[in-house]
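Peer 1: This is what each chain is made of:
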Amino acid sequence: MTQSHSPTNPDIVVIGGGNAALCAAMTAAEAGASVLVLEAAPKAYRGGNSRHTRNFRCMHQGPLGPLVESYSEEEYLADLMKVTGGKTDEQLARLAIRTSEECLPWMQAHGVRFQPSLSGTLSLARTNAFFLGGGKSLVNAYYRTAQQLGVQVLYEAAVTHVHLAGDQVEYIDYTHMGETHRITPKSVVVASGGFQADTDWLARAWGPAAKNFLIRGTPYNRGVVLADLLDQGIAQVGDPTQCHAVAIDGRAPKFDGGIVTRLDCVPFSIVVNQNAERFYDEGEDVWPKRYAIWGRLVAAQPDQVGHVIIDAKSLDLFMPSVFPPIKAASLRELAEKMGLPADGLERTVGEFNAACGDTSGFHPTELDGVSTTGLTPPKTNWARPITQPPFYGYTLRTGVTFTYLGLKVDERAQCSVGQGPVRNLWAAGETMAGSILGQGYLAGFGMTIGTVFGRIAGKEAAAYANAH
Amino acid sequence: MQTHTEVLEEARRQAEICNACRYCEGYCSVFPALHAERAFADGNLTQLANLCHNCRGCYYACQYTAPHEFDLNLPQALANVRQSSWEELAFPQAAGRAFQKNGMLIAVATVIGFALLFAALRALPAAGGEGFYAALPHNAMVAIFLPAFLFPLVSIGISLRRYWRQVGGRPVKLSHLVQAFGQAARMKNLKGGHGDGCNFEDQDRFSHARRHAHQAVMYGFLLCFAATSVATVMHYALGMPAPYGLLSLPKILGNSGGLLLVAGCGAMIRLKLRSDRSFGAPSAFGAELAFVGLLGFVGLSGLALYALGQTALMPALLALHLGAVLAFFLLAPFTKMAHGFYRLAALVADAQR
Chain A
861 MTQSHSPTNP DIVVIGGGNA ALCAAMTAAE AGASVLVLEA APKAYRGGNS
911 RHTRNFRCMH QGPLGPLVES YSEEEYLADL MKVTGGKTDE QLARLAIRTS
961 EECLPWMQAH GVRFQPSLSG TLSLARTNAF FLGGGKSLVN AYYRTAQQLG
1011 VQVLYEAAVT HVHLAGDQVE YIDYTHMGET HRITPKSVVV ASGGFQADTD
1061 WLARAWGPAA KNFLIRGTPY NRGVVLADLL DQGIAQVGDP TQCHAVAIDG
1111 RAPKFDGGIV TRLDCVPFSI VVNQNAERFY DEGEDVWPKR YAIWGRLVAA
1161 QPDQVGHVII DAKSLDLFMP SVFPPIKAAS LRELAEKMGL PADGLERTVG
1211 EFNAACGDTS GFHPTELDGV STTGLTPPKT NWARPITQPP FYGYTLRTGV
1261 TFTYLGLKVD ERAQCSVGQG PVRNLWAAGE TMAGSILGQG YLAGFGMTIG
1311 TVFGRIAGKE AAAYANAH
Chain B
3 MQTHTEVLEE ARRQAEICNA CRYCEGYCSV FPALHAERAF ADGNLTQLAN
53 LCHNCRGCYY ACQYTAPHEF DLNLPQALAN VRQSSWEELA FPQAAGRAFQ
103 KNGMLIAVAT VIGFALLFAA LRALPAAGGE GFYAALPHNA MVAIFLPAFL
153 FPLVSIGISL RRYWRQVGGR PVKLSHLVQA FGQAARMKNL KGGHGDGCNF
203 EDQDRFSHAR RHAHQAVMYG FLLCFAATSV ATVMHYALGM PAPYGLLSLP
253 KILGNSGGLL LVAGCGAMIR LKLRSDRSFG APSAFGAELA FVGLLGFVGL
303 SGLALYALGQ TALMPALLAL HLGAVLAFFL LAPFTKMAHG FYRLAALVAD
353 AQR
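Protein chains in written order, with our numbering: chain A, 861 to 1328; chain B, 3 to 355.
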């Protein structure tokens, strides 16, 4: 092993290269500390899952930047409680929510630009500030600003070990360009995400079915540092067996498919498994409230796959898909193209069609109560017979967004071991989000946690480094 | 070399991915227009391509660029369609195919322009005219340049009609023109939506350099054109033939326009050389440079003619300047110059959306 202080021996090492890591790095550099960012990904893939994000959920007492009206702390918290079922640390949640308001102008000052909410996302215009160009443009802006602040960045620098001695990090080992380096910073910020890209770990946690899951984000979040720290007794938080998963287009790439792989067509369809049997009420609620449930439903089916069947009259009711649907003139042909038993599909569709009633009240954007009668499972909204050719099909697979297991932090973003804090170790972003998101997910809240706790971690790490 | 069908196919593939993402909606006029479609006909893609100002903001923001398997490069895909559409729509088409991607041919045409003018100067000796007319009689200039001016107008008119039909344009109202010319006048689509400019010469850093260079070229050219128009009116309607003094309207317009044009073309060439060619139509890079060079030379030779018009160099400079002007006009429908007309048409069509 080479004893090395390359590129120079910094006060602070930030492990990770996404939103939280950069917020920490910029804040620490502005406090006068020298900062080195170790990003495991190559430059083209820098930014972790932040590359795929699109907005930032932000409290505001009046119109702020692109945000209209107001969004109070209590309303924000209530929205969070709804999705987590109360599984949240309220003190940390309130801290994230309350601080989000001052983050937006801070983000602008550090190069982030916002845009009005995207077409098809009007429901978020009040609560979520959209990044112009999406998360990668935010990441680009932060790298530019960090560079101007003197932050050093190493790409393809994979941390292999963060050595804990008592209540203190002693050194960090990382590999870069085929060489191993050991570095001894005063402060360390861990912002290297969850472990969802390590499908072996995912399979150990969830079961062998997880091997068939797709990973919606970066292939670089393999949880190496997370595992290393947990092995050394650092306090953990979040259900180690759980991940946030949604139903996405089955043709998506194994990694990094991102936003475009979503499919919004389920409410207007019937969904069958490999045996051409329905297994859940497709019309239970509007899709934004159901896509996560469907991730689990599909995961429970044979081969972890579902098949969406719609007909011509429903094709234009949902956002365009990244890949065109499978198209056929008859249900038999569709079944063959999708590898489904043709008789079974015809029977399932026939039974469904027979159970449909009066469809005159059909309304695609609200719960219309147009339901089936006498069918198990029922379809309780948007139930229209599938009769009008051509018929279209999509496959659904489970797409993992993030994992819940993480490092437990306090309101100063500090990690702990045994009974007390680790003196020079802080964590931010997905790797500690389990402290706040016990289950479920709230759109744009991951970026809020990353920004708020990234800045806190950077400030605390710099204060410690400057004092020692 | 990709065929027109192939470049359309690739643009369609990319537009479908963009339409499922929509993160770039605020950058420019292309994305709201793209997101309004569900399927992309050839005419849609031609319109989107001509609406695209190649600011490259979307490329750097894109999470799906290579090495990602989706391999998006929308600026290049649209540049290829745009370039190809100009060749397809050109009248005569063969001229579009010859010049749009061939800088060498543009240079050759320019040299032929020089030669023609030198020959004209020699063949048509001075008939006692004043100033430049001492070198080339006024009537001879009109005889050469009137057709050279009318031909490109007719050619571009035919091409624009074809364009309009292809993209499904509707009858034009004043409000459409006001919106389109307003956007062109401010080069709104090179401001990047946030007003920080575009990504051209320094990767993901936003800057106004290209927008400013373009404005200098555009307004410089328009001022020069205005100078010629004013002088024409003075000559025929007011009976005031050239030469004009320094503080006359044609000279004020012409000199300021010439300076802007030269500075703008110089800046544009510098920026183009620093830019990443893989985000434009790579096959047209040389022809674009040649065109900007020709335009800059028109301005520079005009200024030189003004500065040295009283010296023995005047006849030679006059031949060079007029030769360049001749080549510029005759090539206008078949070079990068055509983009101005198509771009305006695309902005008008977009105003109708």
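There's no promise every hint is true.
[Said to hold, decoys possible] Only pairs whose alpha carbons sit at most 30 Å apart, straight line, appear in this in silico DSSO-like list of lysine-lysine:
#	chain 1	residue 1	chain 2	residue 2
1	A	LYS903	B	LYS274
2	A	LYS1187	A	LYS1268
3	B	LYS274	B	LYS175
4	A	LYS1071	A	LYS1268
5	A	LYS903	B	LYS175
6	A	LYS1187	A	LYS903
Source of the hints: derived by calculation from the structure; they are not laboratory data.
Peer 1: If a hint holds in the structure, say so; if it does not, say that too.
Peer 2: A quick look at each hint next to the structure:
Distance hint between LYS903/A and LYS274/B is fulfilled; the C-alpha atoms sit about 24 Å from each other, no more than 30 Å. Distance hint between LYS1187/A and LYS1268/A is unfulfilled; the C-alpha atoms sit about 49 Å from each other, more than 30 Å. Under the criterion of a C-alpha separation no larger than 30 Å, the hint pairing LYS274/B with LYS175/B is inconsistent with the structure, at around 36 Å. Proposed proximity of LYS1071/A and LYS1268/A is supported: the alpha carbons are some 28 Å apart, at most 30 Å.
The hinted pair formed by LYS903/A and LYS175/B fails the criterion: a straight-line CA distance of about 49 Å is larger than 30 Å. Under the criterion of a C-alpha separation no larger than 30 Å, the hint pairing LYS1187/A with LYS903/A is inconsistent with the structure, at around 39 Å.
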